[in-house]
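K.L.:
Residues per chain are reported as follows:
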Amino acid sequence: MTAAISVTGLSCQYRDHLALDDVSFDVQAGSITGLLGRNGAGKTTLLRILAGQEFPSAGRVLVHGAPPAENEDVLRRLVFVREDQAYPDFKVRHALRVASWFYPNWSPARADALLADFELPAGRAIKKLSRGMRSALGIVIALAAQAEITLFDEPYAGLDAVARQVFYDRLLADYAERPRTILLSTHLIDEAAGLLEGVIVIDRGRVVVKASADDLRGLATTVSGPVLSVDDFTAGRDIWDRRQVASQASAVVVGPLDEAAWARAKSLRLDLAPLTLQQLVVHAAAHPASAAPAPTVPVNPWERTSA
Amino acid sequence: MTGLDEGTPLFAQIAERLAEEIADGGLAEGERVPSMNELAAFYRINPATAAKGINLLADDGLLDKRRGIGMFVADGARRRLLAQRRERFAGRYIEPLLTEAARLGIGPDDLVALVAEAARAVPLDASGGVTV
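If you're matching them up, the sequences are chains X and B in order.
Anchor point for the first sequence: position 72 equals 72 in the numbering used here, and the numbering is continuous, going up by one each time.
Anchor point for the second sequence: position 44 equals 44 in the numbering used here, and the numbering is continuous, going up by one each time.
Keep in mind that the hints were calculated from the coordinates and are not lab data.
Just so you know, even glycine gets a beta-carbon here, dropped at the ideal spot from N, CA and C.
Hints may contain errors.
[Unchecked claim] With the Cβ distance kept under 8 Å, some of the chain B side facing chain X (calculated, not the full set):
1. T8
2. F11
3. A28
4. A41
5. R44
6. I45
7. N46
8. T49
Work out the full structure, taking the sequences as your base and the hints as a guide.
P.N.:
Given below as structure tokens:
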């Protein structure tokens, strides 16, 4: 498997603030990867460096095997749409025309279809668009560019649930038709979870999880029931969170549970609920130490040979 | 993501859904199985995840790959899946039933009577849906 993006030991320091701290990961070519983390975790800084808009303090970034900064060959093969993208005093159609000059794989037909999907008026001045419509314009440009690498930084500020669904559907359809490498930073983890093949979670500038999304599902389980049973079941296991009210307790157990464990939980009258990707990310950010060495998460799952 | 449970691996759920369809006869033997992109669009999931689910069944011999055309339900797939279900029936349904009955103090004889009564209320065709 070839890496479309390869980041090694990347750090970025702004005066006294370390925005990125020794970040390393690879993104496999042709995959959709989620870049997840809290506000201020360093997601935007990381994407800006990948797009050649920011310089790292230390470390190495390779996009298609070359450093992206001031490298036109790399930048024409990469499209970056950021939250609250700024545009010159243009109409929508002018912005699309400018984009069409820059991106070699630009598809005017895709752009028209996407404008219709998002009900964007081509003749309207961008400064008169609502916030959601401006976000939609960014999405139209990102998808119609058909660049080999597409970077989305929280692409849907102001978009309502219906428009976000249009975005997910168009993204999947375009990806199916013309596979490309997509890195999507988002807060809306539950909504986007199904689209993601790989997941990178960063917290306070550090990578705390990198794994395939499906390896994370079922990695941790909430166990709840009578206090004695919960304590019995969780004894000797790695626990993230334990709560108790009266004689009922619940705890998040880290690590996959085998059939014997499920049967035992049943006999102890315990309820088991696997954590969703979103819940897992929340816990992983709070417990970076226990998330990182989890035995079932390969260090670099994208290098496995099986599909 | 549509209709899938976010807490367990999606590829396993895709495989399970397809297996259910084959067992129920919704996908007949010899019929083409939806492609990874069709499944991805329907469930709103990553195509690679859908492919992994399909491959799980193919590796198990339940699907045949016809080069350039797609995946098809293998001969005998339905019979095998139904046999698997029967094997799991006791563990999945009888054991929890017995556990709950014991909790409530319902003895084995009372339980048999309850089952017989329920079966009279909802007449079941013994061959219902599972004729092969």
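K.L.:
Of all the hints numbered above, which does this structure not satisfy? Sort the numbers upward.
P.N.:
Structure breaks hint 3 only.
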